[in-house]
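Participant: Chains as they are written, first to last, in the working numbering: chain D, 28 to 602; chain B, 113 to 287.
Possibly wrong hints are sitting among the right ones.
Pulled from the structure, derived: some chain D residues nowhere near chain B, Cβ distances all over 10 Å [to be verified]:
1. ASP90
2. GLY92
3. ASP93
4. ARG179
5. LEU323
6. TYR436
Derived Cβ-Cβ restraints for the label pairs, each shown as a range [what the hints assert, rightly or not]:
7. ARG143/D / SER217/B: 51 to 61 Å
8. SER202/B / ALA83/D: 54 to 64 Å
9. THR273/B / ARG108/D: 36 to 46 Å
10. ALA140/B / ARG143/D: 57 to 67 Å
11. ALA204/B / ALA83/D: 55 to 65 Å
12. GLY141/D / ALA140/B: 32 to 42 Å
13. ALA147/D / GLN157/B: 28 to 38 Å
14. THR273/B / ARG143/D: 33 to 43 Å
15. ARG232/B / ALA83/D: 42 to 52 Å
Please keep in mind that the hints were generated in silico from the structure rather than gathered at the bench. From a predicted model like this one, the values you see are computed outputs, not experimental measurements. Where a beta carbon is used, it is the ideal one built from N, C-alpha and C, also for glycine.
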Amino acid sequence: MEPSRFLRALRNLPRAIVAVALLIGLGGLTVVLQNEANYQSAQKTQAEGLANVLAASVTAAVDFGDFTAAQEAVKAYSVDRRIRWIGVYDRSGRVLASLARKGISAPARASAAGERPTGALRASSSIVQAGQHIGTVMIEIDREAWSRKLSRYVLLGGLLLLTALVVLVLGVTQAQLRLVNLELSARAEALAQANVLLEDQMEQRARAEEQLRQSQKMQALGQLTGGIAHDFNNLLTVIEGSADILTRPDIEENRRVRFASAIVQAAQNASALTSQLLAFARRQPLKPEWINVNELIRSMRDLLDRTLGERIEVETLLCAEDCPVEVDRAQLQSAILNIASNARDAMHARGRLTIATAQSAGESGSLVELSLTDTGPGMDAATQARVFEPFFTTKAAGRGTGLGLSQVYGFATQSGGDVQVDSDLGKGTTVTLRLPCSLAQRAAVETRAELANTLSSVRILVVDDNEQVGAFAEALLADQGHQVVRAHSAEAALDILRERDFDLVFSDVVMPGMGGLRLSETLARERPNLPMILATGYSEELVVSRNEGRPVVLKPYRLTTLIEAMAKVLPARPV
Amino acid sequence: MAARHLFLAALLALLPTMGAKAQTTDIAVKAAFLPRFARYVEWPQRALPSGNAPFLLCLVGGDPFGRMVDAAAQEQSISGRAILVRRLDSAAAAAGCHVAFIQGSRTQPAGQLLADLAQRPVLTVTDAVNGEQRGMIHFSVVNGRVRFFIDDAAARRHGLTISSRLLALAIGVRH
């Protein structure tokens, strides 16, 4: 124990301990004193006893003046080393016989005994016989030597000291413990405070992080909406401009066709874009179709040319034999467009994009490998690693959503394949899309497509709350030669159906009031023989699969899609 | 102290150079002893003096001590009782004594006197100076000192008990 600590502990000794130690000390002292007193009186008694015994034995000798006999009796006591002197005195006090230690002498007269030295005990006994005082015996003995006294008390003293020490040590230990406890509790308090502080800081940090996340999200959202708005603006420009030109009366046929096609293409692009967005928001299920990749690419040639611009050369290296893949057509188109526009941006609108297809063997069957290679600057390893990350983009703000490649990735994996990027700085980039070959037939699809073209006139009830979309559908169907009536709500549709018969109901899903799905259920109950087609821009509702087996066309839909759906639900009629 | 002791002893020792003086001293000692003997003797109950009556120390047949014995007897007391000295002629008269010093004469020999006191609880004291006849206590000077013989058997026969303290002082004891 360090001395300073020890002293501190001593000062802090609990009063009880000190009291106990003191009590022990006091008790010990009392015992010693008591013992001493007892011993003293015992010694006195002993001395007196000696004197008495001697007195009895010298009675006759003193009485008859036989100092020889008296001396003999006295001499016997020379054995006792504690005896300083013995004196036997007659009636008149004269010494008759005596004994004394070397260097001392017994008093000659009993009255002349003198001051008793402090280290000695004195006792006297009257010699009496038959009531007659004959003489006196006086004896002086040593008190107990200090050394002997000490040796007697050594054991007791030792025990007491030990006890006191133990008590003291206990006290010190307790005091120390108390000190340590105080320290500990102080530290615990400090710790608790620090903890509170820490929690506070953690809270603040969490809040800051949340705020950061929010701002990041908003930023990303801003980027996204900006990018989308920009893309849409482009397309709308084309549509508006082209439509505007088409309103002129005196327009050449091929020009008219060209501008009309431009509108169609732009609309298709827009549709691809929305489908991209919806896919990203996971609101569109994949609608797998059997697709011939080479054929698709060939059909996309125009679109690609337009997307890439005049100064980029598009080269196609399509393999001779390829197998069909079962994927969502729009998604595949969108994927190809995404990759192509990335290539365009990387090449700064000048260079060459090579599109190649090949068939290869994979682990679980054949694959179609679709690769797009550009002559851009390429990417470094760091960028390459992050390229499929959502919202990751190397383009300036507003120029890209950062969603394109992440959607490609999503699409590829959802379709059972994968996508890979190979790039070297200064050497360009190759994006390879690998899709598994489909094993199913495509015959059925074609049959239906054929049938669709031979449908005769049917009575169709179009249900849509949106004026433009409804009118468009009406026009579309009427153009095909069908009789169309429009209802603006499901309730109105039901009213109309009560009055008139129809062959087909074509309804939007999302409508205020009773929606398309409930209408579908109601009709399934009330008019089970009445076919129905549902149209929707979202697939959310359909995930619940309440479409009662009704075919669903996704907006925006093409005429052929609609005709196919109609062919599916309408009973075959003789052509 | 021993030195003083020696001085006294020397003084006393010097006295025997005058024989008469020495004898006077012996008689003084014997006279001093006589009353003292009674302290160390137990008489049977019937023989004890009643009430505050004194012990009787009788000199029978002769008185070699004179006033000395009276003086000595006056100084002593036994259990609070005084000691009176009587001088008697016959043993018969000595029947009521407690202690009797027997000195024989031609007319009454010591032996006769002693025999007359037989059966009586009387402590008989004789002196070697006076003859061979011994009483219960018999004085004798040995090595210049007055000593005495004790016949404890005789004492007991007469109903007397002599304290062992006295017996220890005797030069010889007959048990």
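Participant: Evaluate each hint against the coordinates.
Facilitator: How the hints compare with the structure:
1. With a least beta-carbon separation of about 6 Å from chain B, ASP90/D fails to lie farther than 10 Å from that chain, contradicting its non-interface assignment.
2. Its closest Cβ contact with chain B, about 8 Å, brings GLY92/D to no more than 10 Å, contrary to its assignment away from the interface.
3. In this structure ASP93/D is not separated from chain B by more than 10 Å, as the shortest Cβ-Cβ distance comes to only about 6 Å.
4. The beta carbon of ARG179/D is kept farther than 10 Å from every beta carbon of chain B, the shortest such distance being approximately 36 Å.
5. At roughly 156 Å from the closest C-beta of chain B, the C-beta of LEU323/D stays outside 10 Å, upholding its exclusion from the interface.
6. Listed as a non-interface residue, TYR436/D keeps its Cβ farther than 10 Å from every Cβ of chain B; the least gap is roughly 137 Å.
7. Distance hint for ARG143/D and SER217/B: a CB-CB separation of about 58 Å, consistent with the stated range 51 to 61 Å.
8. A hinted range of 54 to 64 Å for the beta carbons of SER202/B and ALA83/D is inconsistent with their spacing of about 40 Å.
9. Our hint of 36 to 46 Å for THR273/B and ARG108/D holds, since their Cβ atoms are close to 39 Å apart.
10. Taking 57 to 67 Å as the suggested C-beta distance range, the pair ALA140/B and ARG143/D does not conform, at roughly 38 Å.
11. Hint check: ALA204/B to ALA83/D, Cβ distance near 39 Å, so the stated range 55 to 65 Å is violated.
12. Distance hint check: the CB atoms of GLY141/D and ALA140/B are about 33 Å apart, consistent with the given range 32 to 42 Å.
13. Restraint check, ALA147/D to GLN157/B: a C-beta distance of roughly 47 Å breaks the suggested window 28 to 38 Å.
14. Range check, THR273/B to ARG143/D: Cβ separation about 41 Å, and the 33 to 43 Å hint holds.
15. ARG232/B and ALA83/D have their C-beta atoms about 31 Å apart, which leaves the hinted 42 to 52 Å range violated.
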